[in-house]
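Colleague: Here are the chains, one letter per residue:
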Amino acid sequence: MSSVNIEKLKEIVGENNVLHNRADLYVYGSDSSVHEAMPDAIVRPENIEQVQGLMRYANSEKIPVIPRGSGSGMCGQVVPIKGGIILDMKGMNRILEINPQDGYCRVEPGVVDDDLNRALKPFGVFYPPTPASSCAATIGGEIANNASGGRSVKYGAARDAILAVKVVMPNGELLSFGSTTRVAASGYPLERLIVGSEGTLAVIVEACMRFVPIPKLRCLGIAKFNKLSDAGNAISEIMGSGCQPSMLELIDKIAIVAANKAANLGLPEVEAILLFEADGMSKEVIDLEMAKIQTKCEKHNCFGIESSYEEKERARIWAGRAKLFPALSKYDERLASTSLADDMAVPFSKMAECADKIHEIAERNGLVMTAYGHCGAGCMHTKILMDTEQHISWDAARRAVEEIYDFVRSVGGTTSAEHGIGLSKAQAFRKEKAASLDLMRAIKKAFDPNNIMNPGKLMDGPDNWVEATTLRYQSQ
Amino acid sequence: MTENAKLEILEKWKGALNKCIRCGYCYEHCPIYKSTRWEIDSPRGKLILLYGMLSGEVEPSDYVANKIFECFHCNRCQKACSSGVPIQDVYNDARAFFLDSGFDIVGTTSMTDHEVCARCLNCVRMCKHEARSFVDGKIVTDRLKCQSCGGCLDICPEKGVSITCGFGTNPNELIKQVDSFLNNPANPDAKAVVFSCGYSSYPGLQTSRYDKFEISKEYQILVTACSGRLKSHTVLETLERGAWGVLICCCPEDECEHGGSPRVKARMKALTSTLERIDIDPKRLQVVEVPQGNPGKFTESANSFIKEIRTLGPIV
Numbered sequence: 001m002s003s004v005n006i007e008k009l010k011e012i013v014g015e016n017n018v019l020h021n022r023a024d025l026y027v028y029g030s031d032s033s034v035h036e037a038m039p040d041a042i043v044r045p046e047n048i049e050q051v052q053g054l055m056r057y058a059n060s061e062k063i064p065v066i067p068r069g070s071g072s073g074m075c076g077q078v079v080p081i082k083g084g085i086i087l088d089m090k091g092m093n094r095i096l097e098i099n100p101q102d103g104y105c106r107v108e109p110g111v112v113d114d115d116l117n118r119a120l121k122p123f124g125v126f127y128p129p130t131p132a133s134s135c136a137a138t139i140g141g142e143i144a145n146n147a148s149g150g151r152s153v154k155y156g157a158a159r160d161a162i163l164a165v166k167v168v169m170p171n172g173e174l175l176s177f178g179s180t181t182r183v184a185a186s187g188y189p190l191e192r193l194i195v196g197s198e199g200t201l202a203v204i205v206e207a208c209m210r211f212v213p214i215p216k217l218r219c220l221g222i223a224k225f226n227k228l229s230d231a232g233n234a235i236s237e238i239m240g241s242g243c244q245p246s247m248l249e250l251i252d253k254i255a256i257v258a259a260n261k262a263a264n265l266g267l268p269e270v271e272a273i274l275l276f277e278a279d280g281m282s283k284e285v286i287d288l289e290m291a292k293i294q295t296k297c298e299k300h301n302c303f304g305i306e307s308s309y310e311e312k313e314r315a316r317i318w319a320g321r322a323k324l325f326p327a328l329s330k331y332d333e334r335l336a337s338t339s340l341a342d343d344m345a346v347p348f349s350k351m352a353e354c355a356d357k358i359h360e361i362a363e364r365n366g367l368v369m370t371a372y373g374h375c376g377a378g379c380m381h382t383k384i385l386m387d388t389e390q391h392i393s394w395d396a397a398r399r400a401v402e403e404i405y406d407f408v409r410s411v412g413g414t415t416s417a418e419h420g421i422g423l424s425k426a427q428a429f430r431k432e433k434a435a436s437l438d439l440m441r442a443i444k445k446a447f448d449p450n451n452i453m454n455p456g457k458l459m460d461g462p463d464n465w466v467e468a469t470t471l472r473y474q475s476q
Numbered sequence: 001m002t003e004n005a006k007l008e009i010l011e012k013w014k015g016a017l018n019k020c021i022r023c024g025y026c027y028e029h030c031p032i033y034k035s036t037r038w039e040i041d042s043p044r045g046k047l048i049l050l051y052g053m054l055s056g057e058v059e060p061s062d063y064v065a066n067k068i069f070e071c072f073h074c075n076r077c078q079k080a081c082s083s084g085v086p087i088q089d090v091y092n093d094a095r096a097f098f099l100d101s102g103f104d105i106v107g108t109t110s111m112t113d114h115e116v117c118a119r120c121l122n123c124v125r126m127c128k129h130e131a132r133s134f135v136d137g138k139i140v141t142d143r144l145k146c147q148s149c150g151g152c153l154d155i156c157p158e159k160g161v162s163i164t165c166g167f168g169t170n171p172n173e174l175i176k177q178v179d180s181f182l183n184n185p186a187n188p189d190a191k192a193v194v195f196s197c198g199y200s201s202y203p204g205l206q207t208s209r210y211d212k213f214e215i216s217k218e219y220q221i222l223v224t225a226c227s228g229r230l231k232s233h234t235v236l237e238t239l240e241r242g243a244w245g246v247l248i249c250c251c252p253e254d255e256c257e258h259g260g261s262p263r264v265k266a267r268m269k270a271l272t273s274t275l276e277r278i279d280i281d282p283k284r285l286q287v288v289e290v291p292q293g294n295p296g297k298f299t300e301s302a303n304s305f306i307k308e309i310r311t312l313g314p315i316v
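Read top to bottom, the protein sequences are chains F and S.
Using the numbering used here, the letters of the first sequence correspond one by one to residues 1 to 476.
Using the numbering used here, the letters of the second sequence correspond one by one to residues 1 to 316.
Each hint should be verified, as a subset may be incorrect.
[As the list claims (entries may be wrong)] These stretches of chain S come out as covered by chain F in the derived footprint (C-beta under 8 angstroms, 3 or more residues):
#1 13-26
#2 33-39
#3 44-51
#4 60-74
Keep in mind the hints are simulated off the structure, nothing from the lab.
No residue lacks a Cβ here, since even glycine has one placed at the ideal position from N, Cα and C.
All chains, full assembly: derive it from the sequences and hints.
Modeller: This is the structure:
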C-alpha cells in the first residue's frame, strides 16, 4: 500500500471534504464496538463522480477504503484495521425520489433512517426495517449490514426491502444492480449480494427500496413471566402457531432494570417480559391477533397481561426499548456495557434454551450478560457488562463470546441476526461458514481484485478479536 | 505543572467515558453536529477525543481545544444520553484543562472587540451566567461560564460582541439560509420562515436533504441559538426577501435559562407596531412559546401560522 496523498484527495473531493488531523483520524477510528484503529484520511464525497475518482485513485495505489455511515455498528465493521481512507458517506444525504405509484423510494446512502421515515410519513408509508438505532443509522450502513429491527418479525430486514442499488466498483466503474420492479426473476441478485457485504465489495452510492403502508392501528401488549425460559417458550409457541405480530420482543430482568433506570419506563421488574404488538387496518383483526398471542403467553405461565391502543404510551415504551443498548451501561455503576456477543439468531424452538444459556455462560465466567431482542424474528441480543478496566474481564469476555457462539451453532443458529460480523464476530463467523469461505473470497476477488474494500473483515476477519486491534477501553 | 499532570483533572471521568457506548444517538440532538455533519463535532466525537487524550492517542492542541469549546450548551445530548454520561461536566473539566494549559481558544464563546466596546457594561449586567466582568478597563469573558447563548451580542449597542463560530446561527448565516429557501426556483411554495430557539423544540430532518418535496414546502425552520439573539433587522430582512410571514418559537419564559424569551417577545412586539405603521398586517409576525421536548406543539404552531399566512397572501 502506498501512503495516502492528501493533496490528491483534496483534488478529487475538494479541500473542505478531507480531514487528516490526527484528532479527526482518531475519532473516525472507532464505532460502537470495542475496537479502534487509525485511518490515514477521512474523505466525504458529495456525489457519485467524486466517489468514482476516489476509488480510481485508491485502487491504483492499493489503498484500503472503508465506506462509513454513522459508525453505529457494534462489531467494528468500519474500524480501519488496515488503515486507509474512511469514506464518510454522510456527504451524500439526499432523498432523491419518493414514488408512491410504483411503491419505492430512492436515496443516497448517507440519509438517516428516521429522516427517511419522516419524509415518507406524509405519503402514508414507512421503510420497514426500523432498527433501534434508526435515529442515527444511515440507509447505506443498514444495507451494508442487512439491518433489521423491532418490526422485522412482520416486515422483514433491509435485504427484503431492497429493490436496486447503484454501486461504485473498486476500479471506479458505476454499476446498477436490481430493478425498481417488485419482481425480477433471472440472473444473480447482485443487489442482494451487496446487502450484508459490510463494505467489502463496492461503495453503495444509491439505493432503491420498497416501502409499506403505515397501518391504521397498532396495539401494544406486555406479558410478564417469572421464568425467562417460559418467555422463550411463549415466543416459540406464538411464532409456531401462525400468529402474525408486528413486534415481539423479549426483555430479561437485567435489561428491564437498565431500561427503567435510563428512561423511567416503569416496566415491571420480573424475570422477563414480552412486548408484543399487532397492527392492521381494523380493530377486529388486531383484537383477534392480540387474543391469539395472549392465549399462547398464558399457556406458558405469563401473568398480568396489559394491552393498549394508546399511541403515546406505545411510543414511550418503544422509545425506551430503542435506547436499551446504551441504557445497559446504567444497570450497575461499576460496569460498562460492551458490544460483545451482541447478536445472534436461533430457531424459535431454541429461544428459551438460548436465553438461559446466555445467563449460564455469564455466571460461569463471572460476567453480567442480558438476553433480549427481536425474538419474534429469531433474533437474540446480549451485551457483556463488565469492569472494562480489568484485564481479567477481557479474558472472561473472550471465553464467554466463544462459548455463546459454539452454542448458537450447535442448535442450528447463525452468528449474526442483524448487527453484522465486522471484527468481533469474525471468529464465530469463520467457524460457521468454514465450507463457503473460499467461495466468498472468490466473489470478493471478482469485485475487488486488489482487496482494497474494507479489508480484514467478514471471512478475512481476525480469529482473536481481543488482540486484532487496540481495544477502545483501557485495561490494566 | 506539566500537561500530563494537568490532564489528571480528566482522569476521574475515565469511568464515565467507558460508559459511553458510542451509539451515536446524541447526533440528532446536537445543533453543531447537524450544521457540519463531521463526527468530531458530535457529542460522541468530542467524548472520543477526550478519551483519546487520556489514552495518549490524541495530543492536546488548539484544534482539539476549540472543538471542546464549540458548544451551545443546550444540554440536549446529556438529557438524551441513555448511558448516563455527564457530558457537560466532562466538557467543563476538559475546558478548564485547556484554559489552564494556555491553548488558543475561540470556540463558540462570545468575545468583545475592545476597540469598539463603549464600556457601557450592559453585557455584564444582563448576562444570566455571570460570565462577563469589567477588569482593568476591559470586558472579560469567563470562558468556563459563557453558555454561548448570545444575549450579550443582542444587547451590545456598538455591535462589539461576536461569536466567531456561529454554526449557522449568526445573522449573516441566517439570512443566507433565508435566501436559499425563499429564492429557490425548485421550491415555489415557500411562504414563511420559522426561527426556532435552539434550546426549545424543533422537529424536522436531522441531517438528510429532501430537496424535491420538503416535509413542508411552505416554511423553513432556521435554528438560532437562544431566540433572544434574533435581531429585528434579521426578521425585517426576511420579510423583505419575500417571506409572507415570520414565526418565532422561543422557550416558555420560566424555562428560558438565558433570559432571551422575554427579550425577543418585547422586541417583536415593538417590531409589530412598526410593521402596523407601514400597513403590514401584524399577524405576519408571531412569537410562540414551545417547551423543550414538545415537537408536537412546534408543528401545531407552525401549521396554524401557515394557515393564517395563506389567507393573507404575499406582502405587496
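Colleague: Which of the listed hints are not met by the structure?
Modeller: none
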